[in-house]
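Novice: Taken in order, the sequence shown gives residues 1 to 626; the numbers are from the working numbering.
It is possible that some hints are incorrect.
[As the list claims (entries may be wrong)] Under the rule of at most 25 Å between Cα atoms (straight-line distance), these lysine to any residue pairs were calculated in the SDA-like manner:
#1 227 with 533
#2 625 with 271
#3 499 with 518
#4 60 with 444
#5 271 with 181
#6 8 with 66
#7 485 with 502
#8 444 with 394
#9 178 with 117
#10 60 with 485
#11 569 with 590
#12 124 with 158
None of these hints come from the bench; they were simulated from the model.
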Amino acid sequence: MFVQTAPKNKDGRVLMYYAESYRENGKVKQRTIERIGFVDEFTHLYDDPIAHFKKIAKEKTKEMQDRIKPITVILEPEAILPFNEETCAYDCVKNIGYAAISQIFHLLGINQFIDDRRKYLECKYNLTNVMKLLVFERILAPDSKRATWLNKGQYFDKMDFSLNDIYHALSIYPDWQKDLLQQLHRKMVELYDRDSTLLFYDVTNYYFEIDNEDDFRKNGMAKDNKKTPIVQMGLFMDGMGFPVTYDLFEGNTNDCSTFVTMSEKARALLKMDHIIYVADKAMMSGENVAEVITKKNGYIFSKSVRGATQKLKNITRDPAGYLKFDCNGREIAPYDTTTSVAFMYKVFDEVKDTYVKDSEGHRKSVRGVGHYQIIYWSAKYAERAKVDRQKAIEKAEVASHTKSKEVIDNNYGKNKYLKTQIYDKQTEKQLKEYNAKVVFDFEKLEEDVSLDGYYIIETNVTGLRARLDAKGRETDELEPSFNKKSRWLKEEGMLQLNKVVTPLDIIGMYRGLWKIEQTFRVTKSELEVRPVYVSRKDRINSHFLTCFIALLIVRILEHEVEHEFSSEKIINSLRKANVAELNSTTFKTLYYDEVLKVLREKMGIDFGRNIYTRSAIRSMLAKTKR
Numbered sequence: 001m002f003v004q005t006a007p008k009n010k011d012g013r014v015l016m017y018y019a020e021s022y023r024e025n026g027k028v029k030q031r032t033i034e035r036i037g038f039v040d041e042f043t044h045l046y047d048d049p050i051a052h053f054k055k056i057a058k059e060k061t062k063e064m065q066d067r068i069k070p071i072t073v074i075l076e077p078e079a080i081l082p083f084n085e086e087t088c089a090y091d092c093v094k095n096i097g098y099a100a101i102s103q104i105f106h107l108l109g110i111n112q113f114i115d116d117r118r119k120y121l122e123c124k125y126n127l128t129n130v131m132k133l134l135v136f137e138r139i140l141a142p143d144s145k146r147a148t149w150l151n152k153g154q155y156f157d158k159m160d161f162s163l164n165d166i167y168h169a170l171s172i173y174p175d176w177q178k179d180l181l182q183q184l185h186r187k188m189v190e191l192y193d194r195d196s197t198l199l200f201y202d203v204t205n206y207y208f209e210i211d212n213e214d215d216f217r218k219n220g221m222a223k224d225n226k227k228t229p230i231v232q233m234g235l236f237m238d239g240m241g242f243p244v245t246y247d248l249f250e251g252n253t254n255d256c257s258t259f260v261t262m263s264e265k266a267r268a269l270l271k272m273d274h275i276i277y278v279a280d281k282a283m284m285s286g287e288n289v290a291e292v293i294t295k296k297n298g299y300i301f302s303k304s305v306r307g308a309t310q311k312l313k314n315i316t317r318d319p320a321g322y323l324k325f326d327c328n329g330r331e332i333a334p335y336d337t338t339t340s341v342a343f344m345y346k347v348f349d350e351v352k353d354t355y356v357k358d359s360e361g362h363r364k365s366v367r368g369v370g371h372y373q374i375i376y377w378s379a380k381y382a383e384r385a386k387v388d389r390q391k392a393i394e395k396a397e398v399a400s401h402t403k404s405k406e407v408i409d410n411n412y413g414k415n416k417y418l419k420t421q422i423y424d425k426q427t428e429k430q431l432k433e434y435n436a437k438v439v440f441d442f443e444k445l446e447e448d449v450s451l452d453g454y455y456i457i458e459t460n461v462t463g464l465r466a467r468l469d470a471k472g473r474e475t476d477e478l479e480p481s482f483n484k485k486s487r488w489l490k491e492e493g494m495l496q497l498n499k500v501v502t503p504l505d506i507i508g509m510y511r512g513l514w515k516i517e518q519t520f521r522v523t524k525s526e527l528e529v530r531p532v533y534v535s536r537k538d539r540i541n542s543h544f545l546t547c548f549i550a551l552l553i554v555r556i557l558e559h560e561v562e563h564e565f566s567s568e569k570i571i572n573s574l575r576k577a578n579v580a581e582l583n584s585t586t587f588k589t590l591y592y593d594e595v596l597k598v599l600r601e602k603m604g605i606d607f608g609r610n611i612y613t614r615s616a617i618r619s620m621l622a623k624t625k626r
């Protein structure tokens, strides 16, 4: 390879490019490898740009020759293998899959962020490298902090710190959490054009292997039915599926009560005029809706049709007014009775007072909150509800007709379809002495079946609407657009987008919630965020900070491969991307697959060689840090 220059163009500029010679039919020819640029573009960087790139060309030539040069490895059959002093074992396998993680880690500027701060601290170890190890291991081999430290030998990066250094670092990182989340957000906007207009919110919890609760880890409603203390996590995700921000709450905190705190954090982080919050029925409360309205934002929350007013239940059951669609999303004509309905909806407009509690706990109203409700039915959702209910019915049938004087006072599991007869049907007075029996509640079952597949989406988000004439009647023309993405309609208490917004658009936005549910599954399965093996609150916070960074990197890797592979498949491939040490300078690839091939093509990481020299691996890793 050498540097070639093209003749001066009409502006007098000289173009440089890499070229190489090759032989074809006995004749020597030349071909262009890569365009470098015009000489004058580099004069501010190098005294002699042509000489500089000639030197680079020689280095590239040597690198190419080294790659194809046969390697001889001498193995000594009777040599005694050396133990690692820390692990008291010999292991010749090292991972190179972490190169993909390292590249995103450095793209996000996490290394520079920590480097800029650690120089003001009197630490004898490298805080940046500790964070790298914690993030790499969370993705590749999630385990306790001790196991993480013992596994540091599988990486080529320098990891010369002790286990105590890791615990010390966990006490430092929480002080940087707010600024680091800001840094990550800025980079996501810069690199991936993040649009945070639409934010999805959900809450989950993570358990600890301890018997007794403390001030932070408390007994609560664990999502995975664990009986040990938990902490709650609220998480926001953007429309592309990237996590935005998070926070932790005491284990006994109600999901619904986390929203106000988290929405304040989101506004402070994003600094946007208007945000649309999307959440499931767990977030539906007067306080949360009022928080959104008073801050001039939008919301798309679901609510349970089974917990709705009788009026709304009757409207839901009434077949009139529904628009029906087939499995391809095409609207079904009203006279078509043969096409199967995949989903249907109708809109119920409503303006009402929303009630909130003030600082003293008194109930007050936020008057005239404008919103509308989309009553939605899905065939898949109806079938799932039927399947989910079947076990409860079977258990209720077994428990029915048993003698008991205990009043059934909850709606959980089988109790939903049981009732205790303790009243005289003639006088309707409660009997003090009775032989009660538990009976199956067929009326409750009938009502539930009638509401299968339905749920309600409530929103204050609207779009450009029909222009009104002088008499207030709608015309065929749209009202004029405006010069922003959205604006607040004060009189209506609604957020208007600068485009037409249909009920199907709102349904589509709400459906994005599945991504955040899947995100939580990734944290609990692939990343194994729980159980948490640290106990101090500051270290717990650091644990979740490293998990958040790991989650963001995994989501970015999915994006880099254009969602061709799931997070699970990507992680599994990176975990298997190992090399075996043949001698001190030579390594043999042990695994290569289609995921690593695509990462090589999309991200330019040198996966897939049969043999690597140590210098080639160092070069590959160095490129991920630029």
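Novice: Run the distance test for residue 60 versus residue 485: straight-line Cα separation, threshold 25 Å.
Specialist: Measuring from Cα to Cα gives roughly 49 Å; hence the hint is violated.
Novice: Would the pair residue 60 and residue 444 pass a check requiring their Cα atoms to be no farther apart than 25 Å?
Specialist: violated (76 Å)
Novice: Given the proposed pairing of residue 271 with residue 181, does the C-alpha separation stay at or below 25 Å?
Specialist: holds (13 Å)
Novice: Between residue 625 and residue 271, is the straight-line Cα distance small enough, at 25 Å or below?
Specialist: violated (30 Å)
Novice: So if I understand the rule, the pair passes when the alpha-carbon distance is 25 Å or less; does residue 569 with residue 590 pass?
Specialist: holds (17 Å)
Novice: With a cut-off of 25 Å on the C-alpha distance, tell me whether residue 8 and residue 66 pass.
Specialist: violated (35 Å)
Novice: For residue 178 and residue 117, compute the direct alpha-carbon distance and say whether it is at most 25 Å.
Specialist: holds (14 Å)
Novice: Take the C-alpha atoms of residue 124 and residue 158, compute the straight-line distance between them, and say whether it is at most 25 Å.
Specialist: Distance ~14 Å between residue 124 and residue 158 Cα, so the pair holds.
Novice: Compare the distance between the alpha carbons of residue 499 and residue 518 with 25 Å, and conclude whether the hinted pair is satisfied.
Specialist: violated (30 Å)
Novice: Residue 444 and residue 394 were given as a pair; does the straight-line alpha-carbon distance stay at or below 25 Å?
Specialist: holds (15 Å)
Novice: Sort out whether residue 502 lies within 25 Å of residue 485, counting only the CA atoms.
Specialist: holds (16 Å)
Novice: Is the straight-line distance between the alpha-carbon of residue 227 and that of residue 533 25 Å or less?
Specialist: holds (17 Å)
Violated hints for the displayed structure, listed by number in ascending order: 2, 3, 4, 6 and 10.
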